[in-house]
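Participant: Chain by chain, the residues:
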Amino acid sequence: MASGYLTRWTLDTVGVLLALSVGTFALVLLARGDPAAMLAATRAGRPATPEQIEAVRVELGLDAPAPVRYLRWLADAVTGDFGLSLRTNTPIGPEIVERIGVTAGLVAGAAVIALVLGVGVGIAGAVLRRGLLRGALRVAALLATSVPAFWLSYLLVLLLALRLRLVPTSGMAGPATWVMPMLVLGLPAAGALSRVVAVTLREALDRPYVLAAQARGSSPLSIVVRDGLPNAAGPILSVAGFTIGTLLVGTVVVEQIFGWPGLGAYFVRAASARDIPALQAAALVLGGGFILANRLADGLQALIDPRLRRTSTIGPRPPRPRRTASFRTEPT
Amino acid sequence: MTAGGRWRGRSASRRTVLVALPLAGFALVGLLAPLLAPADPAATDLAASLSPPSAEHPLGTDQLGRDQLSRILYGARISLTVTAAVLAVSLTVGVLIGTVAGYLGGWVDRVVARVIDMAVSLPGMLVALAVIGVRGPGVQNLVIAMSLWAWAPYARIARARVAGLRDSPHLDALRLLGAGPGRIIGRHLLPPAVAPCLVYASTDVGAIVLGVATLSFLGLGIPPPQAEWGQMLIEGRPYLASAWWLAYPPGIAITVVVFASNLLGERLAIGDERPSILRWVLPTRPRFLRSRNVRPPVTSASASASASASASASASARAAERQPVGPRSAGPSAASAGTLLCVRDLSVAYPHVGGYRRVVADVRYEVRRGRILALVGETGSGKTSAALAPFGLLDPDAVVTGSALLGAGGEARQLVGAGPHERRLVNGRRVGVVFQDSLAALNPLRTIGAHVDEAVRNAGRGGRRDATRRVTEELLRLTGLPDPIGTARAYAHQLSGGMRQRVQIAIALAGEPELLVADEPTSALDVTVQAQLLDLLARLRDELGMAMIIISHDLAVVTRLADEVVVMYAGRTVEAGPVATVIRSPAHPYTRGLLDAVPHPSAVPGTRFRTMPGRSGAGPDDVGGCAFRPRCPIAIAPCADHPPELLTWAPDPGAPASELVAPVLRRVACFAQPAATTRAPGGVGERDGD
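Residue numbers (our numbering), protein chains in the order written: chain A, 191 to 522; chain B, 5 to 694.
Since the hints were made in silico from the structure, they are not lab data.
Since the model is a prediction, treat every value here as computed from it, not as a measurement.
By construction, the Cβ of each residue, glycine as well, lies at the ideal position given by its N, Cα and C atoms.
Do not rely on the hints blindly, as some may be mistaken.
[What the hints assert, rightly or not] Example chain B residues on the side facing chain A (calculated, C-beta under 7 Å, incomplete):
1. M122
2. L133
3. V138
4. L214
5. L222
6. L224
7. A245
8. A251
9. G255
10. N266
11. L397
12. P400
13. A444
14. L446
15. N447
16. I511
In isolation and in its complexed conformation, chain A is listed as follows (with noise of 0.2 Å):
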């Protein structure tokens, strides 16, 4: 059973990354402006000949028929090669080795905030039936999700550095500097994740069995600790890790605000130059990690769930709240 389960998902993840490559690979055929003429036009320094554009071409692979070129492109970028930058005309692919590091500590530190300030205050809201503090709560963390990252990002400079100066207004020196981004990361998602645990929690403290549990004289806190939590466990961890997966694309904005030398500056690099393989490469390490995130989560939720082993591992999943608007993706 278990085995069966594993080897599930592990085809359903390969195939949803190889969606992602398809789908990442097939950004070249909405292009509009041909690769070749641009890279051709870095090397030149100027507008390239036709001689010139037709000999990139050639070096580039760009005359073979779409799928081979789909696949001779994803062989390359399973091995790290993501081919040269149309902008700079260097390989791509130690750059982004060289980034997912800064991208990955600013994940981490966010992550912790959020689900630090998401799981308490969900609790909280959770436990709280009404009053003051559970409308304040539930107000914040809507509020938290619905603040734009970059006003965010305004707003904690003018009050933390410009006003406090408790911290610099950018760059990456230490840990003073992480602050901000990290809050800004992180405040949005511990808001989204905050609403779900709330919402989950308080279903798995309406069942009987807390009732039962009241009935044979158990504590408020043993009754959310040993009946509440684990009952409600699944679907936070699965949104969780959809949180994290969230993060990973929220560093598309605040490494851009914060000058951070990560793998989202470089996309909207990418991006504000098209320059389409190194596009093309942070897309896939970025949507790949946004997606692995998220199917961890669903692998472990099926581990603590024995119920979900039988069921897809893709697709629609136990009832959760619908998503708040986050412009990133739905939670599945």
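For this one, chain A is given, so just place chain B on it according to the hints.
Facilitator: What follows is chain B alone, placed relative to chain A:
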């Protein structure tokens, strides 16, 4: 629905409208921007650059001297344009794909479902950035990029809706009439599929506005010189510290739209059952009602509640006020020796649209030590609420009033209004409860042993882990489980219904309680298991000297086990007394009806049951007068007036003298019952207990 219900319902939708108001404002401002804007958003005036808010420029000017207010208004216009376009494209594409896939079914549907799942699970920001990265910025590319991300949820919703309709007989009939697929999809499947998608779209606005702003902020959305909120923020960035009017207004505008959209999404997704923030912004009920067990639930839910109902409600409130938590001297009957639980004027109410709705009204009963009391009534009669309310085992929204004294004399403890700490001194120690649905009452993720161990520890009988487990095994053995050690390791879903019921009894017994409350203990079980469990309960009563409350709709269970019976109808007690006399000579027409509905072994084969006309399910305050009147064969004029009181009743002059001095009095609430005089031995003509 009552008048109060309509009022509250309207008010709930009014609050939803209120939440949607910022979105409507956004749409209006976007549409009317050219009329509202005081200036041309593109007109530069370098002489007036970065000027603070003034009469001429209410929100100041930016670095190029452009009027900030006009740019905000035009920013709404461009956001609205893109949002409308994205919604139009993704709604059309999504609904069409979902409807066709759902209609066709088979492998097409499976493939489409897979694609939808993958598209939904892709991060929208990445998709949009990648598409714009290869296509370049601009309104058209923005719409393409965001629609590529936004269509999938609509396809999923439409597909689910259509898949549910596909096999309906209605469509089969249409096919038989010769309707082609095009007509079926267009006329009969698209409209129902579009409706939920439109609702979803109303909550999608925030996501799209946020996306447009984010992309524009990154320089990949709306290009300058067109004003867009995110783009205004990035342009204003160098002047962040000096010109607040550049830093705040666009951010506030985005936040308000997205917040309203998120709030609307939450409301539409979970309905109005959960308190929204607007409940405390716009309270619909007085503050003091918020905490439980504080005030009587005078039911504004029922406009038709008679004067006597509210009078008795306030009487119960007075009773509750008179009797603070703690010992008290009860009325003469309550003080009689051997009373373990004395319940008076117990009412239970739940929040209902517009106010409160009582499900239990002024119920009274006593449980004597070592005796079994049966609460009888049909589904919805309030018997479970009446039995569990004293122990705080109802939904936390329930408001309980009245009095419930556990113990007698100086040690009596008032249970109504008890705090969590006091409850834990009672529940699990002095009182054990067996719930109706044994599968739901056990935590699916914990073993049986963990449940019983916890009960043993809660009761203060645990010690070290293995000592606790020994008590657990002993308890499981006591309830007749053949393999206590194995059962302790099992999970609830691995046991049969009868075994789970025994487990619940073992948990209830962990604290060596004086009172066991069993809610329909045998209802879901087959007949032989029922009999075994009833024997077990009877044995436990005899061996442990426990009192019990058995809640049941099954008169066979009652006659077999109980000493006394309380018959409930529509949240009120209609008849009470010793089982033998109530069964032999039922006084209330409802009790009579219940007994007639039981198959009788001595009946001539082919005899029809006498069944009661009408339906059950009314609340105590839904009908002015006696709640049973619509079904009652002997109703008389006063029955329509106000609910009859529960009065002491002597069955007939020829009754054995022992019944008149019995410790448990017959009581009946019926105007039409001619013998319902008040010839009780103790107090003549009085409403006893008060």
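Participant: Among all the numbered hints in the text so far, which are the ones the structure does not match?
Facilitator: Violated: none.
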